[in-house]
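Chemist: The chain contents come next:
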Amino acid sequence: MANAKDERRSAGELEAGVLATLWAADRPLTPAEVQAGLAHDPARTTVTTTLTRLYEKGIVDRRRQGRGYAYFPVQDAPGLRALRMHSELDQDADRETVLARFVEGLGPDDERLLRGLLESEER
Amino acid sequence: MTVLLLFPLLLPFVVPPLARRAERCLAPAAALWVLTLAAVALAGGSLTALGALVLTGLLKLPVLAAFGELIHPLRTPWDAVAVPSAAASVGLLVVGAWTLTRSALRQARAVRAAHAEAARRPVAGDLCVIDSPYPDAFALPGRPARVVVTTAMIRSLGPTEREVLFAHERAHNAGRHHYFLATAELAAHCHPALRAVRTSIRFAAERAADEAAAAAVGDRRLAARAIARAALAVGARRPERPVVAPAATTGPVPRRVAALLAGPPPRAHRAAPWIAALLALCATAAAGASVTGLVAFHHDVEVAQGEAAH
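Taken in sequence, the protein lines are chains A and B. If you read the first sequence in the working numbering, its first letter stands for residue 1, the second for the next number, and so on. If you read the second sequence in the working numbering, its first letter stands for residue 1001, the second for the next number, and so on.
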């Protein structure tokens, strides 16, 4: 029971990871390229299955490439692109407490501090 | 009686420094609970005290005293200020109710807009991608809960960093952090001093999600880097961001990054039990004083009605 639940959850997480990888790329990706772009290195067959499922749901599209397919995300209709989102949400991003944002606005010193932290980290 | 009712109104001013300590010393998940519960108790105490002050003032008015079947004048320690303090309390309650309504409408509108936005797009697992040049990401509470991310945010992070982002937002949803955040928002409108506590609660929620994300990817440094990179992507877009905080204070993002870089999961700080106990004490004192004050007020009303002896 718990196992089935875990499996379902990780299948969902894999779908999310695959879609993000496709969006991050600026061209269609083959299953092998998607697999290489994923953090936790799932099996190739799992990636292919996930891509097929996303394709069947109409979330991604594909075109022939060599003997297989290369996949790319289905774009929004231009009119739909985040227009409302950013007129309503973005103006006042810091004040919508309930939508927990990944990162909130940076103060005047924050950028310098962050770059410092990143640099000391990368040395 | 009135003196006792001042306690719940003054105690919240003591709490913000304690809350800031709790941010640092308590484990984030514990801080989230302790701070939220304290905020609820303090907000409730403050509302009760204001309500009792309003009633006291009203019963000082002859018309309402007659309506309340008072045959003796209501006893108060200082009769001269009963009506003015009631008027001030009404003012505070009205302002609080007004700002709360405005905020609630704004939050509801934001959540609705985000849901509408998410509903029009395909969802893979729990992820909803919005094709937008603005880097943004947030946890969208609801059934089912979603992680909403813009393409610009996806592209500003590497594959492993994206896993951090997703784990962070999933931790918000799994931990039902929106309830804590909504409670903090509610409390902030009940008493002005609780606004600082709201900030602490937000920070604790972010830290809790950061720790969960770091645990999920098994790498604190990676988690720190992902947060820093995402923040820089967002920050670089709006250099004209209005300066709210004084320049000397460090914003929440660098503190989150530094906390992750500081090392292994924060073990309980030596001061943690003391801070938690002090917060609990403040909360209990506020709740206790307001309830006792209310009981005393009720007794005074009964005395004035001739139903109880002095």
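Do not rely on the hints blindly, as some may be mistaken.
Stated by the list, open to error - What follows is a list of derived Cβ distance ranges for each label pair:
{"#": "1", "chain 1": "B", "residue 1": "ALA1119", "chain 2": "A", "residue 2": "GLU33", "range": "27 to 37 Å"}
{"#": "2", "chain 1": "A", "residue 1": "HIS40", "chain 2": "B", "residue 2": "PRO1017", "range": "39 to 49 Å"}
{"#": "3", "chain 1": "A", "residue 1": "THR52", "chain 2": "B", "residue 2": "ARG1270", "range": "52 to 62 Å"}
{"#": "4", "chain 1": "B", "residue 1": "PRO1144", "chain 2": "A", "residue 2": "GLU119", "range": "34 to 44 Å"}
{"#": "5", "chain 1": "B", "residue 1": "ALA1215", "chain 2": "A", "residue 2": "ARG27", "range": "46 to 56 Å"}
{"#": "6", "chain 1": "B", "residue 1": "LEU1037", "chain 2": "A", "residue 2": "ARG53", "range": "22 to 32 Å"}
{"#": "7", "chain 1": "A", "residue 1": "SER120", "chain 2": "B", "residue 2": "VAL1003", "range": "25 to 35 Å"}
{"#": "8", "chain 1": "B", "residue 1": "PRO1084", "chain 2": "A", "residue 2": "GLU119", "range": "54 to 64 Å"}
{"#": "9", "chain 1": "A", "residue 1": "PRO108", "chain 2": "B", "residue 2": "VAL1083", "range": "29 to 39 Å"}
{"#": "10", "chain 1": "A", "residue 1": "GLY66", "chain 2": "B", "residue 2": "TYR1179", "range": "42 to 52 Å"}
Unchecked claim - The list that follows gives simulated cross-link-like pairs (lysine to any residue, SDA-like), each with its CA atoms no further than 20 Å apart:
{"#": "11", "chain 1": "A", "residue 1": "LYS57", "chain 2": "B", "residue 2": "ALA1174"}
{"#": "12", "chain 1": "A", "residue 1": "LYS57", "chain 2": "B", "residue 2": "VAL1217"}
{"#": "13", "chain 1": "A", "residue 1": "LYS57", "chain 2": "B", "residue 2": "THR1292"}
Just so you know, the hints here were simulated from the structure itself, not pulled from any lab data. The C-beta atom is built at its ideal place from N, Cα and C for all residues, glycine as well.
Chemist: If a hint holds in the structure, say so; if it does not, say that too.
Modeler: Here's how the hints hold up against the structure:
In this structure, ALA1119 (chain B) and GLU33 (chain A) meet the distance hint of 27 to 37 Å, their C-beta atoms being roughly 31 Å apart. The hinted window of 39 to 49 Å between HIS40 (chain A) and PRO1017 (chain B) holds, with their beta carbons roughly 42 Å apart. Checking the proposed 52 to 62 Å range against THR52 (chain A) and ARG1270 (chain B) shows it holds: the Cβ atoms sit about 55 Å from each other. The hinted range of 34 to 44 Å is satisfied by PRO1144 (chain B) and GLU119 (chain A), whose Cβ atoms lie roughly 40 Å apart.
Judged by the Cβ atoms, the range 46 to 56 Å given for ALA1215 (chain B) and ARG27 (chain A) is violated: they are separated by roughly 34 Å. Range check, LEU1037 (chain B) to ARG53 (chain A): about 43 Å between beta-carbon atoms, so the 22 to 32 Å window is missed. Between SER120 (chain A) and VAL1003 (chain B) the beta carbons are some 54 Å apart, a value that contradicts the proposed interval 25 to 35 Å. A beta carbon spacing of about 59 Å between PRO1084 (chain B) and GLU119 (chain A) agrees with the range 54 to 64 Å that was offered as a hint.
A hinted range of 29 to 39 Å for the beta carbons of PRO108 (chain A) and VAL1083 (chain B) is inconsistent with their spacing of about 47 Å. At about 51 Å, the beta-carbon gap between GLY66 (chain A) and TYR1179 (chain B) stays in the expected band of 42 to 52 Å. Pair hint LYS57 (chain A) plus ALA1174 (chain B) does not hold up; C-alpha atoms about 25 Å apart against a cutoff of 20 Å. The straight-line distance between the Cα atoms of LYS57 (chain A) and VAL1217 (chain B) is roughly 28 Å, outside the 20 Å bound, and the hint therefore fails.
Under the criterion of a C-alpha separation no larger than 20 Å, the hint pairing LYS57 (chain A) with THR1292 (chain B) is inconsistent with the structure, at around 61 Å.
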